[in-house]
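S.K.: Chains as they are written, first to last, in this note's numbering: chain A, 321 to 689; chain B, 321 to 689.
Treat each hint with caution, since some may be false.
Any copy, or any two copies together, can satisfy a pair, since identical chains are not distinguished.
Keeping only pairs whose Cα atoms sit at most 30 angstroms apart, straight-line, the calculated DSSO-like set for lysine-lysine is [said to hold, decoys possible]:
no., residue 1, residue 2
1, Lys458, Lys448
2, Lys423, Lys641
3, Lys529, Lys517
4, Lys641, Lys630
5, Lys434, Lys512
Just so you know, these hints were derived from the structure itself, not from any lab.
Given next are the chains, with one letter for each unit.
Number of protein chains: 2
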Amino acid sequence: MKIVTKTAKFTNPLYLESGRILEPYQIVYETYGELNEDKSNVVVVCHALSGSHHAAGRYEGDRKPGWWDSLIGDGKAIDTKKFFVICTNTIGSCFGSTGPMSKMYPSDQPYRFKFPVITIKDMVKAQKILFAKLGIDKVEAVIGGSMGGMQALRFAVDYPGFAKKIIPLAATHATRPWVIAFNEIAKEAIIKDPDFKGGAYDPKEIQEKGLTGLAIGRMAGHISFLSPYSMDRKFGRDYVPNEGLYELLGRFQVERYLEYNGYNFSKWFDPLSYLYIIKAINLFDLSNGYEGLEEALERVKSKLYLISFKNDLLFLPEEMKEIDLAMKRVGKGDLSHYYEVDSDYGHDAFLVEVDKFANYINEILEGKR
Amino acid sequence: MKIVTKTAKFTNPLYLESGRILEPYQIVYETYGELNEDKSNVVVVCHALSGSHHAAGRYEGDRKPGWWDSLIGDGKAIDTKKFFVICTNTIGSCFGSTGPMSKMYPSDQPYRFKFPVITIKDMVKAQKILFAKLGIDKVEAVIGGSMGGMQALRFAVDYPGFAKKIIPLAATHATRPWVIAFNEIAKEAIIKDPDFKGGAYDPKEIQEKGLTGLAIGRMAGHISFLSPYSMDRKFGRDYVPNEGLYELLGRFQVERYLEYNGYNFSKWFDPLSYLYIIKAINLFDLSNGYEGLEEALERVKSKLYLISFKNDLLFLPEEMKEIDLAMKRVGKGDLSHYYEVDSDYGHDAFLVEVDKFANYINEILEGKR
Numbered sequence: 321m322k323i324v325t326k327t328a329k330f331t332n333p334l335y336l337e338s339g340r341i342l343e344p345y346q347i348v349y350e351t352y353g354e355l356n357e358d359k360s361n362v363v364v365v366c367h368a369l370s371g372s373h374h375a376a377g378r379y380e381g382d383r384k385p386g387w388w389d390s391l392i393g394d395g396k397a398i399d400t401k402k403f404f405v406i407c408t409n410t411i412g413s414c415f416g417s418t419g420p421m422s423k424m425y426p427s428d429q430p431y432r433f434k435f436p437v438i439t440i441k442d443m444v445k446a447q448k449i450l451f452a453k454l455g456i457d458k459v460e461a462v463i464g465g466s467m468g469g470m471q472a473l474r475f476a477v478d479y480p481g482f483a484k485k486i487i488p489l490a491a492t493h494a495t496r497p498w499v500i501a502f503n504e505i506a507k508e509a510i511i512k513d514p515d516f517k518g519g520a521y522d523p524k525e526i527q528e529k530g531l532t533g534l535a536i537g538r539m540a541g542h543i544s545f546l547s548p549y550s551m552d553r554k555f556g557r558d559y560v561p562n563e564g565l566y567e568l569l570g571r572f573q574v575e576r577y578l579e580y581n582g583y584n585f586s587k588w589f590d591p592l593s594y595l596y597i598i599k600a601i602n603l604f605d606l607s608n609g610y611e612g613l614e615e616a617l618e619r620v621k622s623k624l625y626l627i628s629f630k631n632d633l634l635f636l637p638e639e640m641k642e643i644d645l646a647m648k649r650v651g652k653g654d655l656s657h658y659y660e661v662d663s664d665y666g667h668d669a670f671l672v673e674v675d676k677f678a679n680y681i682n683e684i685l686e687g688k689r
Numbered sequence: 321m322k323i324v325t326k327t328a329k330f331t332n333p334l335y336l337e338s339g340r341i342l343e344p345y346q347i348v349y350e351t352y353g354e355l356n357e358d359k360s361n362v363v364v365v366c367h368a369l370s371g372s373h374h375a376a377g378r379y380e381g382d383r384k385p386g387w388w389d390s391l392i393g394d395g396k397a398i399d400t401k402k403f404f405v406i407c408t409n410t411i412g413s414c415f416g417s418t419g420p421m422s423k424m425y426p427s428d429q430p431y432r433f434k435f436p437v438i439t440i441k442d443m444v445k446a447q448k449i450l451f452a453k454l455g456i457d458k459v460e461a462v463i464g465g466s467m468g469g470m471q472a473l474r475f476a477v478d479y480p481g482f483a484k485k486i487i488p489l490a491a492t493h494a495t496r497p498w499v500i501a502f503n504e505i506a507k508e509a510i511i512k513d514p515d516f517k518g519g520a521y522d523p524k525e526i527q528e529k530g531l532t533g534l535a536i537g538r539m540a541g542h543i544s545f546l547s548p549y550s551m552d553r554k555f556g557r558d559y560v561p562n563e564g565l566y567e568l569l570g571r572f573q574v575e576r577y578l579e580y581n582g583y584n585f586s587k588w589f590d591p592l593s594y595l596y597i598i599k600a601i602n603l604f605d606l607s608n609g610y611e612g613l614e615e616a617l618e619r620v621k622s623k624l625y626l627i628s629f630k631n632d633l634l635f636l637p638e639e640m641k642e643i644d645l646a647m648k649r650v651g652k653g654d655l656s657h658y659y660e661v662d663s664d665y666g667h668d669a670f671l672v673e674v675d676k677f678a679n680y681i682n683e684i685l686e687g688k689r
């Protein structure tokens, strides 16, 4: 599989949903496989909150491959022998595309809190501009999970006919207060952390030491990504050996897991980017700019394949089902397909239980669904 | 309804499950109604994590009555014209019973981290000693929700025959990693908060200013006490007026609610007590000290009325159902009753949807169930 990572720079302003502009800006993206002559074999993959453009393959020296490597590759469900797969790092993120720690032109200082609020609509608009620059006006499919699924849905509504197929997984049509509440833990923990310094932190220092506030926010995230069932299987009531059962700060294994992953995460993800991206997730409502969900969906011309996960406690299956029902109400039932994956893993199933839906995605891309 | 608040002091050591001792110690308790001559009309009510002995009635000048006032009172489901209701503040808590901020005899300094870890078994043992001192050897019922339900279950197993009826609500037989994970947010946020000062904080200062770490932990708690459905009803996607939609720190109503309640809570609850009580909850396993759940339940002589709530996302209905099934397996099915309240409110339903189960509890106490 051929992997290429590139950076595209744009000097024209990006007009944002908020009314503000981003200028200049850049987008880092990665491609897998080869673009065919008539540019008709493109599959766009959109990443989630903490993801990046590195969706598949392995960089030299890396312990782990890209976040959806089990799905994307030669002979895999998203077959890179056949498709040219593109994954961009969303604007607002911290892996190379313009975000809050990018320099605020013409100064050489980072934006920090001066960075404009970004929405899912903006992330998608920026990608669309990139694709146009690459000469890609139509794609076979847009696919993504969680926030990636939100982007896929926005592509369906904002750019009707751009993609033949839209495949959102583990997402919603509008972020519920339940999810905003989990994000609030992160927001509050980050902004109140003295080491965050009101946004004036030294990023190198944080990469070395981590940031407690972000770690705590990420721990709350992990809870929402799992389920009581997957936690039972992963940890049960196991206690960390050598930490006294009757010591106040002795830990159950689940506590050690959360701490380890939370603090580790806080060393490689930028806290301001985290704040901006959860804001984008909180603001997401497919009906924004329309009378309601139905009016938004009336624009859809792509086939919609809605994939949810039975015990997803962050974005409940019923939320994806509502999209399917609304599509039927606006007379587009023939375009809409709803598929519930039988899983008790929780939200993260879209990342870790790929074997449960890889076939389905492959059949969609092969035109068998 | 006659309300009396008292403090009982004990100079004999309390032998704790950890092997440590508490000496001396005191228990604050409140009673409602009148004890009859043969002391046969006692109902014990056990409080949850943030509760106190003040279960019913209203103190002069108070805005709110006790936490289960809608259930306890003259003519109410737990009828104080008939029953003498006792509610004690658990040891480890911060409303008058001995806890981590109590003076560590013979010094006049508080225990702080030197306070021994307390278990649900210890909380129940201390109550049992208090009741013996009051000449109460048998009670009509022990009832409680959440951590109060854990205490009720411990009464059933540790003191068989002490209560005729045991009525745990919204509880479990063993705390799952899912719940420990929510508590971990609080633990980490508290101990890492610089204002916590490694436990050396000035309690008066915290009562005035609150403590961010405890506030954040409580916010995580609130999420686990609610459900996506109750949050939809309470907040929807409503935004705080005058806080810009595209301002990074502008808030949805659910965020304002969590912040308000979190910070408010951190002014009236002691952070060390919070750490000790969540530890007790984490450690709770009814089978501790026995081969397993069945062996523990073989000891039960009381009638068991297990009440769960359909969309309780903290302690799932299936966890209470497991107790009922285990009772059947040990041939005590005739003593066990399982009742699932149809509610989508979440865990807090045991506090806020009292009308949905008040009748059932009344019928149990009246001998009609």
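S.K.: For a quick check of understanding: which of the numbered hints are violated here, in increasing order?
M.R.: 2
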